[in-house]
Structures are given as structure tokens and as C-alpha cells.
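4 protein chains.
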Amino acid sequence: MEKKTLLTHCSDAPGLISKITNICYKHQLNIVHNSEFVDNTSGHFFMRTELEGYFNDQTFLADLDQALPQGAKRRLLGSRRKRIVILVTKEAHCLGDILMKTYDGSLDVEIAAVVGNYDKLQGLTERFDIPYHYVTHEDLSREEHEQKMMEVISQYEADYLVLAKYMRVLTPTFVEKYRHKIINIHHSFLPAFIGAKPYQQAYDRGVKIIGATAHFVTNDLDEGPIIKQDVIPVDHTFSAQDMAQAGRDVEKNVLSKALNKVLNDHVFVYGNKTVIL
Amino acid sequence: MEKKTLLTHCSDAPGLISKITNICYKHQLNIVHNSEFVDNTSGHFFMRTELEGYFNDQTFLADLDQALPQGAKRRLLGSRRKRIVILVTKEAHCLGDILMKTYDGSLDVEIAAVVGNYDKLQGLTERFDIPYHYVTHEDLSREEHEQKMMEVISQYEADYLVLAKYMRVLTPTFVEKYRHKIINIHHSFLPAFIGAKPYQQAYDRGVKIIGATAHFVTNDLDEGPIIKQDVIPVDHTFSAQDMAQAGRDVEKNVLSKALNKVLNDHVFVYGNKTVIL
Amino acid sequence: MEKKTLLTHCSDAPGLISKITNICYKHQLNIVHNSEFVDNTSGHFFMRTELEGYFNDQTFLADLDQALPQGAKRRLLGSRRKRIVILVTKEAHCLGDILMKTYDGSLDVEIAAVVGNYDKLQGLTERFDIPYHYVTHEDLSREEHEQKMMEVISQYEADYLVLAKYMRVLTPTFVEKYRHKIINIHHSFLPAFIGAKPYQQAYDRGVKIIGATAHFVTNDLDEGPIIKQDVIPVDHTFSAQDMAQAGRDVEKNVLSKALNKVLNDHVFVYGNKTVIL
Amino acid sequence: MEKKTLLTHCSDAPGLISKITNICYKHQLNIVHNSEFVDNTSGHFFMRTELEGYFNDQTFLADLDQALPQGAKRRLLGSRRKRIVILVTKEAHCLGDILMKTYDGSLDVEIAAVVGNYDKLQGLTERFDIPYHYVTHEDLSREEHEQKMMEVISQYEADYLVLAKYMRVLTPTFVEKYRHKIINIHHSFLPAFIGAKPYQQAYDRGVKIIGATAHFVTNDLDEGPIIKQDVIPVDHTFSAQDMAQAGRDVEKNVLSKALNKVLNDHVFVYGNKTVIL
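Protein chains in written order, with numbering that gives the first Met the number 0: chain Y, 0 to 276; chain W, 0 to 276; chain S, 0 to 276; chain R, 0 to 276.
Source of the hints: derived by calculation from the structure; they are not laboratory data. Computed from a prediction, not measured in an experiment: that's the story for all the values here. Heads up, the beta-carbon is just placed ideally off N, CA and C, and yes, glycines get one too.
Stretch by stretch, here's where chain S covers chain W in the computed footprint (C-beta under 8 Å, at least three residues): (1) 97 to 103; (2) 123 to 135; (3) 238 to 250.
Here are some, though not all, of the chain W residues that point toward chain R, as calculated from beta-carbon distances under 8 Å: (4) Phe188; (5) Pro190; (6) Ala191; (7) Val206; (8) Ile225; (9) Asp234; (10) His235; (11) Asn271.
Computed list of lysine-lysine pairs in PhoX-like fashion (alpha-carbon distance at most 20 Å, straight line): (12) S/Lys25 with R/Lys18; (13) R/Lys18 with S/Lys18; (14) W/Lys18 with Y/Lys25; (15) W/Lys25 with Y/Lys18.
Go ahead and model the full structure; you've got the sequences and the hints to work with.
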């Protein structure tokens with residue numbers, strides 16, 4: 000017996016839940032967990048169904064396609080552990096957190112490789128027996144550097160790229176190549192403090208809360224669909240540096256919670272937003 | 000066109016979602032929102048379905064009853080605003096919060112009456128044009144007092160009784176009469192600090208967090224099904240009295256969040272627990 | 000025996016705590032609570048001292064002035080309950096919360112009057128026996144309207160003006176007249192979603208958290224010193240209207256927490272920030 | 000120039016802050032940060048003073064001793080990084096978190112060694128080049144096992160022992176030897192769910208929040224002075240095992256926050272409580 004997850008989304012119409020669950024029932028697939036959502040503004044229907052049974056993917060999907068409205072998207076995902084490549088620069092906390100959570104089993108993922116534009120995190124990565132690729136950007140144009148990165152990354156057939164404090168802006172070419180496959184952690188509560196040095200900006204503004212945002216990367220910097228956000232309180236005693244230090248905890252927690260949702264097929268991207276079922 | 004909510008729970012079986020949604024579809028009832036849950040420990044299935052359409056309750060329920068397994072419970076609830084009677088003693092904060100939230104529309108309920116064993120909150124209640132009944136317990140046995148309370152309460156055909164810091168223990172007779180209809184706010188994070196003076200207990204123990212618990216009342220004092228809990232941080236600077244003062248905010252917030260869930264038919268009671276869909 | 004609070008701030012220098020506490024000791028004033036903070040970026044010292052004893056304000060302050068560096072600011076504040084005037088438009092939740100918390104004793108303040116540019120909240124205000132002034136802005140220029148507002152407000156010798164969802168922009172003249180005396184609740188987590196319709200902006204951006212900000216009003220709209228911020232999680236199921244509804248709870252909680260700090264003399268304004276001791 | 004921290008506590012008396020800060024001033028020690036607290040219930044005074052300057056410890060402490068009341072306790076602590084020995088059983092998450100936070104600099108501590116009654120965490124520990132001692136309890140009485148543990152531990156002159164999910168009860172002898180030096184993480188929001196299997200207990204009770212408690216170990220199991228507590232929300236969808244999994248995050252966060260306070264000399268133990276300045 001296998002477990003698979005069916006993700007369906009399409010224009011809303013009467014009887015969709017009934018139609019989809021009927022097909023599952025007909026194929027003797029047991030619904031372990033089911034969630035739906037209708038976005039009333041756009042009239043769009045989303046459904047996530049965890050199934051258990053003996054799957055004939057082809058006939059099951061064919062039945063679905065016949066039942067669903069024109070333009071419906073559906074994916075049937077096996078329970079294979081997802082594979083990620085992590086991109087880093089110099090900061091250890093987000094990488095370290097993913098390594099450790101994978102090690103102790105709280106994050107269910109295969110880390111295929113870590114790629115960094117500095118070699119600073121090579122030692123940490125290799126302690127966990129994971130290949131580290133040092134791809135410097137020095138003396139290279141942005142395009143040349145990304146070309147080298149992509150050569151390394153392409154070996155691994157990753158499901159997702161995770162920017163774990165990777166501090167370089169990506170070109171539209173790169174972003175397009177991994178559309179809705181790149182997850183970034185931004186060190187502010189977006190859309191506050193877009194751009195560089197958000198903790199300095201937060202300090203200058205005298206805010207009483209700082210945060211972090213995990214989002215899919217799109218061409219508009221810091222503007223992609225938000226997956227998860229969280230915050231912590233700060234006060235007048237925090238320097239910009241203290242805020243950055245305190246912020247690290249939020250960053251890694253937000254990133255690993257977002258990964259947990261994405262890697263377990265809970266996240267739909269729709270327009271510039273996410274629906275998380 | 001009407002809106003109704005269908006609450007179903009029964010032993011889990013294959014195809015339940017499919018069967019129920021088929022019947023909705025057949026009756027041309029549109030599913031506005033649907034949630035299900037299967038408790039794997041007990042093998043029990045719960046489903047809450049918000050429906051929209053022209054209802055023929057009798058034939059719809061008859062169809063359901065035929066489709067559902069033996070022993071299934073289902074309720075079809077109209078969108079009528081619920082009616083509550085509030086029981087109080089002397090403390091104003093929970094009553095005041097419910098009065099104000101009802102006034103400004105954040106809580107969608109009809110407050111039929113307030114009943115108190117002191118007259119202290121009569122003025123506040125009457126400012127909101129709601130009848131207040133002062134039923135003193137002085138010179139009365141517990142049974143006699145409750146008898147008088149029940150006489151007053153019974154005039155109002157309330158859906159729920161809300162104990163908004165009503166500080167008297169209820170007899171099994173009273174509790175049984177309003178089974179799963181009495182909601183209490185307990186001034187601690189249950190099961191910590193059961194019983195009297197929880198803030199003093201919390202102070203003595205030196206806890207760093209205090210909380211409140213909204214629960215249905217059963218015969219076992221402080222042991223009924225929990226609906227909602229929340230906490231706030233405290234520290235060494237808080238006296239027992241400071242904790243009580245700070246706790247008031249949590250108490251009223253927890254109570255009104257619990258009421259919001261109960262009054263909008265989101266809460267199943269099952270065994271000694273709640274399932275909130 | 001009296002209780003007073005001493006607020007001191009000045010350029011940092013060696014021995015300041017020692018000098019100030021020596022003077023308290025010399026005047027036989029008992030230090031009930033003391034907090035200090037040095038902002039290392041600006042080299043500025045802040046100290047808040049709760050004192051108990053028999054005060055001779057003049058000689059005590061003269062001693063302090065002699066001991067403190069040039070340009071030091073100090074205020075000795077009696078324990079008199081502060082007086083506020085509340086400005087409102089149409090929304091009841093923040094006003095209602097302040098009225099109720101004042102009624103039940105959780106907020107220690109005298110509400111001298113409520114002034115609204117609509118008459119919608121007159122009934123609610125008068126239920127609490129507080130004068131309501133309806134000062135319409137219709138057919139008036141901004142300046143004329145503010146002139147009328149100020150005439151009403153000036154009767155009350157308020158310590159602070161509280162904008163409890165007062166939805167009109169104030170002129171520099173008005174703001175200057177009540178410098179650091181006007182507290183506003185802004186319905187977003189500033190600096191995100193500055194300006195109008197923040198909940199619609201939050202909805203459009205697909206954020207997973209919404210918030211509110213209490214701040215002193217300065218000429219730069221939404222840019223004054225922040226006193227308190229808080230947030231709540233939202234998700235894809237929230238419409239812009241749901242966010243606004245959920246946001247109301249945060250707004251009133253943030254506003255009343257900010258008031259609590261300001262009214263009990265915990266807040267220093269320094270530059271465009273607050274220091275809260 | 001050196002940095003040191005002075006921790007003082009004694010019966011409250013007039014002028015204590017003044018006396019202590021005078022002595023600092025006299026010794027030309029600059030007060031970088033200062034906090035005080037008076038516990039009004041017990042009439043006890045606590046003060047933590049971060050100092051900067053050229054220290055003559057002996058004369059400084061002699062001056063203090065002369066100024067402070069009988070029975071006063073004071074410690075002058077250098078800024079040397081603290082040394083800990085970590086005790087573990089089989090669960091990796093708390094150990095892993097401390098290792099990683101020490102590696103990336105968020106926790107400022109020297110991990111002298113890890114001691115486990117199983118060998119399961121030896122690999123993880125040695126990845127970070129830290130000695131691991133496997134001291135099995137098999138075929139040993141509790142006293143014999145602890146004897147062997149103490150032999151290992153005593154090599155390291157640790158400031159604190161950290162029980163990072165060490166699942167064995169300690170004898171009074173062991174506890175007494177490291178009085179107020181042993182920090183434990185308990186997997187519940189104490190005093191709720193004292194004893195074994197707290198997540199199963201939480202599941203059975205149907206709570207809506209679970210938590211963790213870091214505390215000093217005393218002879219009364221789960222009854223020592225609480226340093227830090229935190230919670231996360233759970234709901235009906237959590238099995239006891241899900242609660243345990245979710246709880247791991249709280250456990251490690253609470254433990255590392257508690258360590259951060261203890262290791263930086265912020266924590267006073269007084270009676271069965273902590274004062275954290």
C-alpha cells in the first residue's frame with residue numbers, strides 16, 4: 000500500500016469535492032486527510048488530499064481530468080523524500096539549523112549539496128558528510144557566476160533550491176529556470192524594510208518588533224509569494240547588531256517551518272500568494 | 000437562499016466525505032466551506048460543512064441518515080444568532096468584554112440576560128440595556144440557590160450559559176441539566192493550578208508564564224473538555240496580585256475566542272476533548 | 000508619605016546613577032523601583048526612579064540640577080491620575096476598550112471627554128457618563144475644523160490626546176500644539192503599509208501576519224516615535240475584511256498597552272524613538 | 000580595561016543603590032548596565048551591575064562588604080567564557096542545538112565534554128570535535144553509575160552541568176554536589192504534567208497548548224527554581240507523538256534561552272525561585 004498526495008486547483012464549480020472524492024472512492028483510495036479552500040475573490044478552488052491505497056496513476060488521473068473543469072491543475076505526488084540544494088554565503092545559522100534538523104529527523108529532506116560563494120561554511124557542511132561546492136563570484140560577471148552555479152546545481156536534480164542567507168541577487172534567467180522552486184529567507188518582516196540592511200533600518204525606525212519572511216523567489220526582489228512569517232519583540236536596548244543577532248533565531252525558525260510546509264506538499268502558489276493546506 | 004452548517008461525526012469508514020458531499024450535491028446545496036478530521040486513535044470521523052442553498056431539511060437529513068454508518072450523529076444548524084445567559088459574581092472584566100464585543104459587532108451573539116449572585120455588575124449590564132437578575136446565595140443551600148438560578152435562566156431559552164467569572168461550584172444536577180452547554184473560564188493554564196487561588200499558586204511556584212482556559216463544564220471541577228487556552232509571560236517582578244491583574248486580559252481574550260468558536264458551530268465535544276473544525 | 004516618579008535624561012557621564020541616588024538618599028526618599036538605560040550610539044543616559052517619602056520638590060530638584068550635566072532634562076511627576084481626551088470617528092472598538100478598561104480598573108486614567116467628527120459613538124460614550132462632543136468636519140476647511148476641535152479640547156486640560164481610530168490627518172499646527180502629547184493607533188505593523196487601507200494592502204501582498212502600531216503623532220504621517228507594536232497571524236483564508244476584523248483586536252490591545260506605559264510615566268521620547276523604562 | 004559583573008543580594012535597606020554605585024564610582028569603575036529588583040514580599044534586594052575599568056577585586060569587595068548589610072551575598076564575575084558539561088541519553092535535538100549555537104556563535108560557552116548513558120550521540124558530538132564519554136548504567140546501581148559519571152565530569156571543572164534530555168533521575172548526593180549548577184529541560188509546562196510521559200498526559204487531557212520548562216535541579220523532582228518557560232499551540236489533530244515532535248522545538252529553544260541567561264550571569268536563585276536581571 001502506498002501513500003500519495005493529490006493537489007488540485009481550478010475555477011470553483013458546484014460539486015468539486017464530491018466529484019474528486021468520488022473518484023478516490025471508486026479507485027479504492029482511502030482519504031487520510033483532506034483540506035479545501037475556495038478563494039472567493041478570485042473564485043478559485045484548491046484541494047489537498049492525502050491518499051492511501053494501491054494506485055494506478057494513469058487511470059486515476061484520467062478519471063480526474065475528465066471530471067475537473069477546463070484548465071484545472073492537478074498533481075499526484077509520491078511520498079518520496081524531497082531533494083534540496085542549499086545556497087549559502089557566510090552566515091552559518093540557517094544552514095546549521097537545516098543540517099541539524101535533517102540529522103535529528105525533525106526535517107524530512109535529503110540535502111543533496113551545499114553551494115557557497117565563499118568557502119566559509121565548507122567545514123560545517125562536511126561535518127555532516129554533505130558535498131560542498133565553493134563557487135566564488137570573484138572576477139566573474141553575475142551571469143558567468145550563475146552559469147557556474149547552475150552547472151553545479153544541475154548535477155543534483157533537486158526539487159527545490161534553498162537560499163539559506165545567500166546574499167546575492169539572482170538574475171531573471173536564473174529565477175525563471177527554477178520557477179517556484181527557489182525558497183528564500185528574507186531578514187525582515189516584508190514588506191517592511193525591503194532591500195539591504197533591514198536590521199539597521201529597523202533600528203533607525205525604532206520598531207518594537209522585528210521579523211523574517213520565507214518566500215518563493217520571483218524576479219521582483221523581495222516580492223515573491225510569502226510562505227511563512229514570524230516576529231520577535233525588541234526594545235530600545237537593542238542595537239542594530241543585537242537585532243541582527245536576535246533576528247537569526249527567527250530567520251532559521253521561519254525558514255525551517257516554510258520548508259516543512261513546502262517539502263510535504265502543503266503549498267500552492269497562486270498569483271503572487273500562497274495557499275497552504 | 001439560506002446558509003446552514005452541517006456537523007457530522009461517526010465511526011470512520013471508507014468514502015464518508017464522498018457520500019456526504021454527494022448528498023449535498025444532489026440537493027443542490029453549495030459547499031461554502033468544508034473541514035474534516037479523523038481521530039486515528041479512536042477511529043472517529045468529524046466533518047463540518049457550511050452549506051448554501053434552498054434546504055429541505057427533512058429529505059436532506061433522511062438521505063444523510065441512510066448513507067451514514069450506525070450511530071452517526073449529525074446536526075443541521077441554521078444561521079440564527081445564538082442566545083446566551085451570562086453568570087457572574089463580582090469581577091467586571093469578562094462580562095464587560097462580552098458586552099462590548101457584542102456592542103461593537105466583534106461577537107455575534109444575543110445576550111439574553113445576566114445573572115449574578117451579587118448586585119455589583121447590575122449597573123454595567125444595564126448600561127447595555129440587558130436585564131440583570133440578582134440572585135443572592137445568602138441564607139440558601141447550594142441546591143436552593145441553583146433552583147432560583149434555574150428559574151431565572153429557564154425564561155430565556157438560552158443556547159449556552161457562560162460563566163464569566165462566576166465563582167461558585169455548580170452541582171451535578173445543574174451541570175447535567177445543561178450538558179455541554181456551560182462554558183467556563185478558568186484562571187489558570189489547566190491542568191496546572193487546579194482549584195482555588197491559581198495566581199497565588201503560580202506566584203508561589205515562580206512560573207514564568209501564566210494562562211487561562213475556557214472549557215465546557217462537567218461534574219469534575221476544572222476537568223471538562225478544553226476549548227481554548229492562552230498564556231502570557233510573567234517574571235519575578237510580578238506579585239500574585241500583578242499576576243491576577245495581568246491574567247484578566249488573557250481570561251477575557253480566551254473566553255471570547257472560545258465563545259466565537261462555539262457560537263459559530265465549530266466545536267465538537269467528543270469524550271473529554273474538543274475537536275474544532 | 001507620597002509617591003513620585005523622577006524621569007531624568009542627559010548625556011552619559013561617569014557616576015550618574017551614583018549622583019542621582021545619593022541625592023534621593025540625602026532627601027530620605029526611598030527608591031521603590033529604578034531603571035536606567037544608556038544608548039551607546041548617541042551616548043545618552045535615561046533613568047526612571049519611583050520614589051516614596053516626604054518631598055520638598057524645590058530643594059530636591061535644585062540639588063539634582065546642580066549634580067546633573069548641562070542640558071539634562073528631569074521631571075518629577077506626582078502620582079495624580081492622568082487626564083485624557085479621546086478623538087474618534089466611527090469605529091467603536093478602541094474607544095469601547097478604553098471605556099471598559101477604565102470602568103473595570105485595568106486602565107488607570109480619567110477620561111475627560113470624547114470628541115468625534117461623527118455622532119455615531121455618542122451613545123456608547125454617554126453610557127459611561129462621559130461627555131461627548133460632536134464636531135462635524137462637514138462644510139469646514141481642515142483648519143476651521145481643527146479650530147473647533149481645539150476649542151472643545153482646551154476646556155479639559157488633558158495630559159494626552161488619544162486618537163482612537165480618529166481617521167483624519169492633523170495639520171502641523173495641531174500637532175505642534177500638542178507636541179508628544181498625541182497618541183495614535185495605526186492599523187498596520189509600521190513601517191509596512193503606510194497610508195490608507197493597510198488591510199487591503201496586506202491582503203494584496205499575501206502577508207501571513209498583520210499588526211498594529213501605537214505611536215506619538217508628529218508631522219510626518221505614520222512616522223512618529225513608536226511606543227508599542229503587536230501582531231497576529233493570518234492566512235490565505237482571510238479576506239481583506241477578515242483581516243480588518245481580526246486586526247481590531249490587535250489595535251485595541253496595542254493602544255491600551257501603549258497608554259498604560261505612557262500614563263504611568265514609563266516613556267521617554269528621544270529623537271524619533273521611545274525609550275521605555 | 001576589563002569587564003566584570005557584580006551580583007549583589009541582601010535584605011532591602013534604604014540607600015543600597017546609592018551605596019553600591021558610590022563604591023563603583025570611587026573605584027573608577029564605569030557602570031555599563033545596571034538593574035535592581037526588590038521583592039516586596041520577602042523584603043529582599045537584588046542588583047546586577049556590569050562594570051568596566053581597572054579592577055582591584057580585593058579592595059573593591061572589601062569596600063562593598065563594609066557598606067552592605069549583614070548577610071549580604073555578592074559575587075564579582077569576570078567575563079571568562081563559562082564551561083559546561085552536557086549530559087544526554089538518546090535524543091539529539093537539545094544537544095544538537097547547543098552544539099550548533101556554540102558553533103555559530105549564538106551561544107557563548109565552552110562545551111568541555113558530553114557524557115551519555117548511551118553511545119547514540121557520540122557521532123554527533125565528535126563531529127564538533129568535543130569529547131564524548133559513554134558511561135552506561137547497565138548492570139550498575141544508581142549510585143555506582145553516578146559515581147562513574149562524577150569521575151568523568153570532575154575532570155572538566157565545569158561551571159554548569161546541562162541535562163539535555165538526560166532521562167535518568169539524579170540522587171540527592173549528586174544534586175547536592177552540584178547545587179544550583181545543574182540545569183534541566185523538562186518536557187512540559189511545569190507544574191502541569193509532572194513526571195513521566197508528559198506529552199501522553201497532555202494528549203489525554205486534550206490541552207490546546209504544550210510547553211517546556213528549564214529549571215535548576217533540586218532534590219524534589221521537577222520542583223526546582225524555574226528559569227524559563229515557553230509554549231506552542233496544539234490542537235485536536237496532534238497525536239501524543241506529534242506533540243512530542245512539536246515539543247522538541249520548544250524544549251531546545253527554552254533550554255538555550257535559559258542557558259544564555261545563566262551563562263551570562265543574569266540569574267539569581269532565591270528560595271525556590273529565580274530573579275533574572
